[in-house]
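> Spelled out from the first residue to the last, the chains are:
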Amino acid sequence: MVERKFTKEHEWVEKSDQIVIVGITEFAQDQLGDVVSIELPQVSSSFKQNDVMVIIDSVKASSDIYCPIDGEIIEINEKLSEQPELINQSPYEEGWIVKIKPSSPEQIDSLLSKEQYDELVGQSKE
Amino acid sequence: MIKIKFEKIRILETGNNLGPWNMAVDEFLLYNCKEPILRIYGWSKPCISIGYFQNIDEVDYKKCNDMNVDVVRRITGGGAVFHDMELTYSFVTKNFPQNILKSYEEISEVIIQALKKLGLDAKFSPLNDVIVDGKKVCGNAQTRKNNTLLQHGTILLEVDVEKMFSLLNVPIEKISDKKILDVKNRVAGISKTFDQVSNALKSSARDVFGCDLVPFKLSQEELESCQKLMDEKFSSENWTFRR
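So the sequences go chain by chain: A and B.
Quick note on numbering: the first sequence equals residues 150 to 275 in my numbering.
Quick note on numbering: the second sequence equals residues 7 to 249 in my numbering.
Just so you know, the hints here were simulated from the structure itself, not pulled from any lab data.
Please note that a few of the clues may not be correct.
[Unchecked claim] In the DSS-like style, the derived pairs of lysine-lysine whose C-alpha atoms are separated by at most 30 Å in a straight line are:
#, chain 1, residue 1, chain 2, residue 2
1, A, 164, B, 223
2, B, 151, A, 228
3, B, 239, A, 197
4, B, 129, A, 157
5, B, 123, A, 197
6, B, 123, B, 223
7, B, 190, B, 223
8, B, 223, A, 197
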């Protein structure tokens with residue numbers, strides 16, 4: 150089973166070979182409500198950890214999505230431009246957002262584990 | 007119901023200004039917020055603001071030019087808003103409920119209490135409207151960037167639905183008299199003056215958040231940053247026509 154890591158900004162990160170896949174969590178999509186638009190980065194653009202990478206708009210609010218690790222965008226989920234609702238319907242599978250080639254893969258280790266993230270989300274629900 | 011409390015809120019009254027300047031100041035506050043700020047402002051010239059993700063084609067740009075109406079793109083999402091006879095506010099804070107609906111509700115409580123002070127029976131209408139007698143009098147939008155929440159919204163003093171429709175590219179079959187009548191039945195101005203609403207808002211912000219109000223003005227340096235944002239972003243065609 151693939152191990153997912155999380156950020157406190159509610160992104161998930163999944164490592165597969167030398168690539169990481171990034172999306173937003175079930176909690177995040179639920180908070181946002183129906184996603185209506187998404188502005189994706191350009192393939193081959195580079196980001197530093199915590200740079201604004203994606204802007205997402207829902208019926209409730211527009212929000213920034215931050216890059217969880219340093220790296221280069223190697224693929225974006227083109228389907229989201231036509232079907233942004235995939236983020237709501239399938240945040241961990243079909244609603245993935247970008248694939249990144251990390252330049253400092255060790256940064257992944259310092260992201261939150263599932264248990265740590267669940268604890269954080271539990272607090273946010275208060 | 008109200009959970010967020012502040013010790014103090016800084017009050018910024020910037021008067022009537024052009025659309026691009028108004029949006030530049032909001033963005034400046036969003037990225038330079040240390041303490042909560044309530045900004046109250048108006049429009050020196052009618053202006054249509056379009057949402058960050060909206061296509062410019064939804065506005066009849068040429069007609070806006072002909073009728074001396076500005077067009078500016080916001081940093082928040084949502085649809086086109088015709089700003090004319092209204093009071094606009096923005097509220098910027100780093101301390102806010104993660105739950106978006108809850109944050110709308112808590113911040114909108116300031117508007118509701120302000121309208122009640124003016125004798126209006128105002129209610130919150132999810133997701134993000136305030137209604138009086140079943141009609142929308144206030145619409146709001148939010149963005150969350152830089153760990154900061156910016157909510158801005160309009161409180162309609164008077165509404166000119168015909169003019170608003172004439173500036174938007176609504177498919178011709180939809181601009182029937184019935185459609186205009188529908189909007190007239192759903193949207194209303196509150197028929198109060200800018201100063202009445204402004205005073206009521208400040209007073210209710212103090213009551214609702216249980217805080218002191220500290221008026222301030224932007225420094226020369228801050229004004230220059232806003233000017234730069236206006237020139238390079240909100241007045242530029244690159245920004246306005248980006249979609």
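> Given the hinted pair residue 151/B and residue 228/A, is their Cα-Cα distance within 30 Å?
holds (25 Å)
> Is the straight-line distance between the alpha-carbon of residue 123/B and that of residue 197/A 30 Å or less?
violated (49 Å)
> With the threshold set at 30 Å, check whether the alpha-carbon distance from residue 123/B to residue 223/B stays at or below it.
holds (26 Å)
> Does residue 223/B sit within 30 Å of residue 164/A, going by the straight-line distance between their CA atoms?
Answer violated: residue 164/A to residue 223/B is near 49 Å, above 30 Å.
> Holds or violated: residue 223/B and residue 197/A, Cα atoms, limit 30 Å.
Roughly 35 Å between the alpha carbons, so the hint for residue 223/B and residue 197/A is violated.
> Between the alpha carbons of residue 239/B and residue 197/A, is the straight-line distance 30 Å or under?
Holds, at about 24 Å.
> Given the proposed pairing of residue 190/B with residue 223/B, does the C-alpha separation stay at or below 30 Å?
violated (38 Å)
> Holds or violated: residue 129/B and residue 157/A, Cα atoms, limit 30 Å.
With a Cα-Cα distance of about 34 Å, the restraint between residue 129/B and residue 157/A is violated, given a limit of 30 Å.
Hints 1, 4, 5, 7, 8 from the list above are not met by this structure, while the remaining hints are.
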